[in-house]
Amino acid sequence: MSENTTPAAAPTAAPKGKKRLELDPRLAAYQGIWVFVEMERGHVHPVSWELMGEGRKLANILGVELGAVVLGGSGVDTQMASAAAFTYGADVAYVVCDALLTEYRNEPYTKAMTDLVNRHQPEILLLGATTLGRDLAGSVATTLLTGLTADCTDLAIDPDNRGLLATRPTFGGSLLCTIQTLNYRPQMATIRPRVMSMPTAEPGRIGRMVTESLNMVENDIIAKVLEFIPDEAQEQAQLAYADIIVAGGRGMGKAENFRHIWDLAAVLGAEVGGSRPVTHAGWLTADRQIGQSGKTVRPKLYIAAGISGAIQHRVGMEGADVVIAINNDPNAPIFDFATYGIVGDAVHILPALTEAFRSRLVVNRRAG
Amino acid sequence: MHIVVCIKQVPDSAQIRVHPVTNTIMRQGVPAIINPFDLFAIEEALRLKDRMGGKVTVITMGPPQAEDALRKAIAFGVDDVVLLTDRAFAGADTLATSFALAQAIRTIGAENPVDLVFTGKQTIDGDTAQVGPGIAKRMGLQLLTYVAAIDEVDLEQRSITVQRRSEGGVQVIRTQLPALITMLEGTNQIRFATMENMFRSARYVVPQWNKDRAGIEDASKIGLKGSPTVVSKVFAPKPKAIKAQMIDVSQGPKATAAALIDTLTSKSARLANELGLVAY
Ligand SMILES: Cc1cc2nc3c(=O)[nH]c(=O)nc-3n(C[C@H](O)[C@H](O)[C@H](O)COP(=O)(O)OP(=O)(O)OC[C@H]3O[C@@H](n4cnc5c(N)ncnc54)[C@H](O)[C@@H]3O)c2cc1C
Ligand SMILES: Nc1ncnc2c1ncn2[C@@H]1O[C@H](COP(=O)(O)O)[C@@H](O)[C@H]1O
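Protein chains in written order, with my numbering: chain A, 1 to 368; chain B, 1001 to 1280.
It is worth saying that the hints were derived from the structure and are not from the lab. C-beta atoms are modelled at their ideal positions from N, C-alpha and C, and glycine is treated no differently. Errors might be hidden in some of the hints.
What the hints assert, rightly or not - If you only want the chain A side, here are some residues facing chain B, beta carbon under 8 Å, derived:
hint, residue
1, 102
2, 104
3, 175
4, 182
5, 229
6, 262
7, 342
8, 358
9, 362
Required output: the full structure, derived from the provided sequences and hints.
Spelled out as structure tokens, the structure:
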């Protein structure tokens, strides 16, 4: 076991927590904003484009280039991803294409990313807070010995020192804190899917490609992927990207009552979600939990039945356009931020809603 | 086999309140618990020990009170614990935390080499999920995040095969020991403390290590000094100004449902349109 880290750019003097400080000249050489384009089996995770939109805004403020980091195993995939990145605002794509990058593994991905950073020196590096993104971000930050702020909900630039202001929930969402990486570069942050809105692509927009090689052989990599077992499409909840979600909470009373949730969801063509007590009790599978320790969602319509609206739940769903809350307690916190409120017993209201929607939808969205 | 499990004592954030005027956290009276995600790591380590023999050591870095969390771990049945506590550790971010823990694990391993390190998926106060990867990189351990099941550990071959959750599926990965596993939640259920272990826990003298005992020479890598990130502001979320428009419920569920849909078609016309709702 040996020290396995190499500093990208460590400070010469320890930061004293002061906001206004002259950046070490070596650090000032770090320029530009990068977004990691997360690709698995040829499919780019939409969070990458959400971050590209956000990165574009920051790059404009700083007057620097926006770079897309594209790592993958096939030339076709990396070409396509780079082209897409340009349409979402990237000026330049940094590409490493190598068969060893076909499936995600920590070692080759960490090497590809840290080599790119050391060579091209971006000042900010953004990744999606997905399982892959978190695995990679933590490894890259430690290898480069720089700061990483995880699960941010807001990014801004400090006008005083051009530094990144990364804001994230803390203490289970009860508070927000803004974090800065003062005298280290790059400044790294991860952001969850659906926290930032999806930018509109600009077809025909193009950019520069910079291609680097991985310089690794299979024998350098200790971990071997023996098998990949894809989730059954039906089974896996596509909550994060659902347009309509019907969610139930502890107020549904018991597991059987969730059939009212599923019935309404079927008529609306919606996904089903729930609060934490519900997934803990096994009324729904864990991947359907919405909130701080579950998924962040951003649907057009969110129907919450028997959910109190605790802050940890709220942070996962307040990006919804329209929220309909059904709760038998008129003082439930959810009514403080829902669009429409119904005070009543969800077990009685839901079937009536299902019937009403069924008869008044022009076409049943899912032949249900 | 020697397994080290990293756990953290955290305030039970379900019970944290924010002072309405000063916007500071009111910690008084908030009970401290073992980070719930870390219980899956402890249980998995104990199961491996049940299967293969060996020893489980639990370590935490925190204030002297964090001893309670370690005592609890003893009650669950772990063999040994270490409390890493020193004022010099205060203010550590994930990079500084992973440095201190990695160094302490090295020191533990000097006596009895460590084959596997476990951490939880994330903490409920820090919530970064970065300390595990950080320790792995610093120690040069094979990193296995979001592990849902351990299929096989082969001490002869020094290999380990696990199932790890990735986007859209499960990867079956084989790699070499020593490795670090961040355990996925919901993968097991922490056992009950036995009477015997509870007695042992009550009598157990928790060893406290300061930075020197942990083998840390370079104080610039720990605590606030070793942390690249600084918290520049803590504040309460802005309350959303809207209050829900309440739907009349006095005429029973059927009328309520109809009233809601009427309201949607008139007040949220775009949504109603996209849904394909017809206005009567
Ligand atoms: C670190 C941490 C992370 C957390 N992460 C999450 C998370 O990701 N997601 C999450 O959801 N929670 C999370 N929580 C838990 C959160 O604090 C709340 O406890 C939880 O959201 C409450 O769920 P609930 O609203 O379903 O249940 P309750 O708070 O029990 O509320 C039930 C509601 O149903 C109403 N009700 C009762 N009967 C009926 C009825 N017949 N008809 C209609 N309404 C009825 C009640 O008035 C009440 O408002 C987290 C907590 C912590 C500490
Ligand atoms: N102070 C600490 N002492 C021991 N283990 C820790 C500490 N902080 C974090 N960990 C471990 O690292 C995991 C991830 O923590 P975090 O990166 O804070 O989300 C936790 O689940 C713990 O297993």
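Notebook entry, point to check: Should the interface hint for residue 102 (chain A) be scored as holding, given a Cβ-Cβ cut-off of 8 Å against chain B?
Noted result: Status violated, d = 12 Å.
### Query
Holds or violated: is the Cβ of residue 358 (chain A) closer than 8 Å to a Cβ in chain B?
violated (10 Å)
Return the status of the interface hint for residue 175 (chain A): holds when the least beta-carbon distance to chain B is below 8 Å, violated otherwise. holds (6 Å)
For this session: Could you check if residue 362 (chain A) really has its C-beta closer than 8 Å to a C-beta on chain B?
Result: holds (4 Å)
* Hint check: is the beta carbon of residue 262 (chain A) less than 8 Å from a beta carbon of chain B? -> violated (17 Å)
Does residue 342 (chain A) pass the interface hint, meaning its C-beta sits closer than 8 Å to a C-beta of chain B?
holds (5 Å)
Q) Under the criterion of a CB-CB separation shorter than 8 Å, is residue 182 (chain A) in contact with chain B as hinted? A) At about 6 Å, which falls below the 8 Å cut-off, the nearest Cβ of chain B leaves the hint on residue 182 (chain A) intact, so it holds.
Open item on the list: For the restraint on residue 229 (chain A), tell me whether the closest CB of chain B is nearer than 8 Å.
Closed with: Holds. Min distance 5 Å.
Less than 8 Å between beta-carbons is the criterion; does residue 104 (chain A) satisfy it with respect to chain B? holds (6 Å)
Checked against the numbered hints above, the structure breaks hints 1, 6 and 8 and satisfies the rest.
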